[in-house]
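Engineer: Chain residues, written in single-letter form:
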Amino acid sequence: MQASALNIENIRSDFPILQRKVHNNKSLIYFDNAATTQKPIQVIDAIRNYYLNYNSNIHRAVHQLAVEATAAFELTRDKIAKFINAKNREEIIFVRNTTEAINLISYSWGRQNVQKDDIVVTTEYEHHSNIVPWQLLTKEKGAKLQYIGVDDNGELILDQLDSYLETGRVKLVTFSHMSNVLGTISLTEEIIQKCHEKGVKVLVDAAQSVPHMKVDVQKMDCDFFAFSAHKMLGPTGVGVLWARKEILDSMPPFNGGGDMIREVHKYETSWNDLPYKFEAGTPNIADVIGFSAAIDYLERMGMDKVREHEVELTKYALEKMSLVKGIVLYGTRDMTKRGGVISFNLGDIHPHDLATIMDEDGIAIRSGHHCAQVLMERLDVAATSRASFYIYNTKEEVDAFIRSLNRAGELFRI
Amino acid sequence: MSSADIYREIILDYYRNPRNFGKLENPDIAMRDSNPLCGDELEMHINIKDNKVSDVKFTGKGCAISQASASMLTELIMGKDFEYVKKLAKEDILDNLGLPDLGPARIKCALLSLKVLKYGVYSYLTEKLKDTASADKIKEEATKLF
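In the order they appear, the protein sequences are chains X and U. The first sequence begins at 1 in the working numbering and counts up one residue at a time. The second sequence begins at 1 in the working numbering and counts up one residue at a time.
Don't read these hints as lab results, they were simulated from the structure. None of these values were measured; they are calculated from a predicted model. Among the hints, erroneous ones may be present.
Now the stretches of chain U that chain X is said to cover, found in silico as 3 or more residues with beta-carbon under 8 Å [claimed, not checked]:
id, stretch
1, 1 to 8
2, 56 to 66
Just some of the chain X residues that point at chain U, by a computed CB distance under 8 Å [said to hold, decoys possible]:
id, residue
3, T236
4, I357
5, G368
6, A382
7, L411
Don't be surprised by glycine CBs; every beta carbon is placed ideally from N, CA and C.
Throw the hints in and build the complete structure from the sequences for me.
Structural biologist: So this is what it looks like as structure tokens:
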């Protein structure tokens with residue numbers, strides 16, 4: 001095992017799934033981490049322990065199980081607040097995933113604040129989850145949706161943002177902290193500063209960044225921030241919406257029901273305090289508790305080390321890939337501007353065919369439009385292949401990936 | 001099936017040099033569909049004369065399997081009786097491609113062409129032949145493909 005910022009051998013032993021074999025006894029090489037990561041045994045055990053020992057609903061009952069479950073659930077909120085450096089724990093709202101967080105903002109804040117002829121600005125490298133909710137909202141309100149373009153280096157063309165802001169009609173700018181296709185890290189603080197100078201609110205889709213680098217919402221100074229547990233060692237079905245307390249206070253509830261109320265009468269209801277105003281119904285208790293173990297795991301390693309490891313691995317992979325005959329790599333080569341997500345094509349091999357060939361070698365990559373068809377149009381491709389790394393991936397795995405790429409090239413006579 | 005079995009010379013040849021690629025002017029049947037999961041697109045144009053396929057062309061973009069499948073399907077139905085086209089089943093397409101054991105991850109790629117064909121036949125039966133009974137049967141078969 002080659003030197004790395006992390007102790008990869010120890011890390012790998014925490015992930016039972018990495019021991020399994022696929023297709024005729026091939027070792028699994030999991031390079032689809034931008035879609036979802038694998039889960040360490042600590043996360044799986046935390047969920048199991050909850051169901052085995054203190055399964056209970058939270059916040060209401062007075063019995064011991066409920067007290068234990070409530071404490072474990074709420075402790076996760078504290079850990080998340082610390083992890084992203086939120087000022088107040090009540091600013092952490094549990095949702096199902098990043099998509100739900102964005103929809104919550106669109107329905108609650110958006111409906112209240114975006115009116116006819118207003119502008120919502122998104123970008124060409126967004127995931128569909130940061131495009132479709134805004135199409136729905138702007139169509140409903142007679143408002144306009146505008147896009148910040150992507151240049152040939154895979155970076156946002158910020159001059160376009162300036163011209164949108166000059167109209168004085170922009171209510172919200174929403175963008176990915178890191179592109180799920182190109183890996184580009186947006187110039188987040190610069191964008192936020194420009195927007196705030198004009199009094200425009202900013203939403204940061206952090207689904208691809210929070211798992212891979214240190215983030216600080218106060219330093220970043222955004223208004224809304226969303227990410228998913230399952231892309232950072234945690235279980236599926238848990239996401240986080242962070243927003244400034246004063247904004248959350250001004251927003252009407254998204255879902256009505258239990259837990260989000262103070263008093264309910266026949267025709268009137270008063271809302272519970274934050275964060276519960278936005279957490280109607282029994283939440284995903286087990287998986288929030290599992291997420292707690294995932295955050296502990298990442299904190300133990302240190303997010304700077306995670307980033308360092310991925311930079312090293314991505315740089316190594318890009319260097320090796322650029323030597324493969326017929327390869328086309330998308331996005332910037334400047335590692336300070338990108339994360340561990342590599343989109344590429346090989347000759348005229350369609351990404352689905354390439355993914356089938358690599359799968360046979362035990363290598364899981366993603367192929368297709370990556371829920372980013374607007375970007376595919378911009379790149380003028382139908383689809384790309386994508387390899388994305390995490391803490392347990394190694395240079396040896398990258399070497400096997402390169403061998404498989406070459407085999408695919410030979411099969412297709414590239 | 002190993003990828004060496006799937007990506008045989010003949011599949012690559014049909015992928016890179018698709019036969020009957022293009023469009024027809026005012027075709028009797030024009031049908032288009034896509035696979036939302038992978039973005040593969042396919043459009044098929046067919047002319048029917050004396051109850052036979054007198055001409056057929058397709059356009060599309062997608063993987064080698066989907067494009068080869070579509071191209072080979074056009075060759076399979078060219079000049080054939082309309083009754084034969086109506087009866088084509090999943091197995092016929094997979095056998096024709098030489099991929100009888102294609103796994104679940106990729107079988108949709110191979111069957112997109114048949115799906116488009118069946119919907120095309122459905123529209124022809126409904127609009128031109130007013131044969132709703134046969135049309136409904138074809139539509140059901142198309143829905144069941146994937």
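Engineer: Are the hints correct? Go through all of them and say.
Structural biologist: Taking the hints in turn, this is what the structure says about them:
no.: 1; hint: 1 to 8; result: holds (count 5)
no.: 2; hint: 56 to 66; result: holds (count 5)
no.: 3; hint: T236; result: violated, 19 Å
no.: 4; hint: I357; result: holds, 4 Å
no.: 5; hint: G368; result: holds, 5 Å
no.: 6; hint: A382; result: holds, 5 Å
no.: 7; hint: L411; result: holds, 5 Å
Hint 3 alone, counting from the list given before, is not met by this structure.
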